[in-house]
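There are 2 protein chains.
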Amino acid sequence: MNFEEKTIEKESIYQGRIIDVEKHLVSLPNGETALREVVKHNGAVAVCAVTPEGKVILVKQFRKPLEHTLVEIPAGKLEPGEDRVSAAMRELEEETGYRARSLQHIGDVYGTPGFSNELISIYFTDDIEKGEMNLDEDEFVEPILYSLSDIENAVKNREINDAKTLIAFQHALLVYNHSK
Amino acid sequence: MNFEEKTIEKESIYQGRIIDVEKHLVSLPNGETALREVVKHNGAVAVCAVTPEGKVILVKQFRKPLEHTLVEIPAGKLEPGEDRVSAAMRELEEETGYRARSLQHIGDVYGTPGFSNELISIYFTDDIEKGEMNLDEDEFVEPILYSLSDIENAVKNREINDAKTLIAFQHALLVYNHSK
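In order, the protein sequences belong to chains D and V. For the first sequence, full-length UniProt numbering gives the first residue as 1, with consecutive numbering after it. For the second sequence, full-length UniProt numbering gives the first residue as 1, with consecutive numbering after it.
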């Protein structure tokens with residue numbers, strides 16, 4: 001079966017700072033047409049970092065689309081031309097003051113593939129050293145440390161409301177359970 | 001610390017079929033201002049359903065923002081006023097032809113909190129019966145069945161590129177490992 005939806009007509013709605021918005025008229029596999037709304041984004045990276053004391057470093061920050069704060073693993077947008085591993089190392093150090101000596105790759109996921117192409121690469125590390133914190137000028141974050149039992153409880157009680165953070169926490173629990 | 005970013009000025013960029021786009025000029029905690037782009041979405045649901053034969057039901061569909069197909073657990077948008085559990089039951093039956101007698105709640109997560117308020121509720125069920133498939137007229141999906149070892153391999157090999165599906169798979173592996 002050929003699922004492809006070919007663009008017949010495309011309209012640029014908005015070219016912004018972190019997103020571009022397009023409207024596509026597409027032809028469907030059955031010959032009909034449909035409207036598709038597309039939010040383009042350059043991509044992002046996130047890091048689940050474990051300190052020598054066995055604590056995962058999280059950041060609490062205000063997320064304007066939600067109008068409230070969210071607890072997340074450190075994350076950020078790719079700079080133009082930047083590779084994903086370098087971006088992940090940079091974001092971790094900027095937001096937490098810890099530098100990763102190495103990263104393990106958990107996976108690359110689309111958070112909202114129905115309307116956006118944002119691909120987020122998620123990494124894990126317990127190989128970190130002190131570096132230098134350096135937030136963007138419009139960035140305000142508060143670091144929070146979670147123990148493995150905090151993570152276990154947060155997952156069980158469905159308290160994690162961020163997709164990349166839940167993926168990272170479940171990964172940590174799987175790694176922990178497998179090594180028991 | 002008060003993280004709130006109050007809107008000083010708001011501009012509506014686009015009011016579409018599944019998304020609305022807004023631009024906010026906000027005041028930051030340090031008194032400066034910044035631009036925030038916000039994609040509003042009504043919310044979504046997804047279901048990881050296990051057949052009596054122990055297989056997870058996935059659907060392969062073309063995702064226009066990615067310009068390729070993606071393998072995902074069945075999911076869909078909330079209808080206006082619809083509660084999340086009913087929406088999850090409806091989407092599962094429409095896309096797979098299976099009806100859930102009950103659902104367990106895995107969690108509610110934001111897929112891209114940096115620019116969108118889309119909240120996706122993820123459920124798990126192994127309590128299903130035959131129902132009636134009924135796709136939307138612009139929806140083309142192909143069902144695929146994964147065994148638990150397919151899931152284990154897909155997670156290990158980082159082959160799952162959809163956030164909600166990776167969360168559901170990791171959940172299944174955690175449940176399975178805990179019950180061993």
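A few of these clues could be false.
All copies of an identical chain are treated as equivalent in the list; a pair is satisfied when it fits inside any one copy or across any two copies.
Listed next, the in silico DSS-like pairs over lysine-lysine satisfying Cα-Cα at most 30 Å (straight line) [said to hold, decoys possible]:
| id | residue 1 | residue 2 |
| --- | --- | --- |
| 1 | K60 | K77 |
| 2 | K60 | K10 |
| 3 | K40 | K156 |
| 4 | K6 | K156 |
| 5 | K60 | K6 |
| 6 | K130 | K55 |
| 7 | K130 | K10 |
| 8 | K55 | K10 |
| 9 | K23 | K60 |
| 10 | K6 | K40 |
| 11 | K23 | K55 |
| 12 | K6 | K77 |
No lab work stands behind these hints, which were simulated from the structure alone.
Do the hints match the structure? See the list:
Proximity of K60 to K77 under the C-alpha cut-off of 30 Å is found in both arrangements, the shortest distances being 17 Å within a copy and 28 Å between copies. Only between protomers do K60 and K10 lie at most 30 Å apart by alpha-carbon distance; the minimum there is 25 Å, versus 38 Å within a single protomer. Taking the shortest Cα distances, K40 and K156 sit within 30 Å of each other only across copies (28 Å), while inside one copy they are farther apart (34 Å). In the homo-oligomer, the alpha carbons of K6 and K156 never lie at most 30 Å apart, since the shortest distance is 43 Å inside one protomer and 33 Å across protomers.
Taking identical chains as interchangeable, the C-alpha atoms of K60 and K6 lie at most 30 Å apart only when they sit on different chains, with a minimum of 17 Å there against 41 Å within one chain. Only within a single protomer do K130 and K55 lie at most 30 Å apart by alpha-carbon distance; the minimum there is 14 Å, versus 46 Å between protomers. In this homomeric assembly, K130 and K10 never come within 30 Å of each other (Cα to Cα): the closest approach is 48 Å inside a single copy and 40 Å across copies. In this assembly of identical chains, the alpha carbons of K55 and K10 never lie at most 30 Å apart, being 48 Å within a copy and 40 Å across copies at closest.
In this homomeric assembly, K23 and K60 come within 30 Å of each other (Cα to Cα) only across copies, at 23 Å, whereas the closest approach inside a single copy is 34 Å. Within a single copy, K6 and K40 get their C-alpha atoms as close as 17 Å, and across copies as close as 26 Å, so both meet the 30 Å cut-off. Taking identical chains as interchangeable, the C-alpha atoms of K23 and K55 are never at most 30 Å apart, the minima being 44 Å within one chain and 37 Å between chains. Taking CA atoms no more than 30 Å apart as the test, K6 paired with K77 passes in both settings, with 29 Å inside one copy and 23 Å between copies.
Hint compliance for this structure: hints 4, 7, 8, 11 are not met, and every other hint is.
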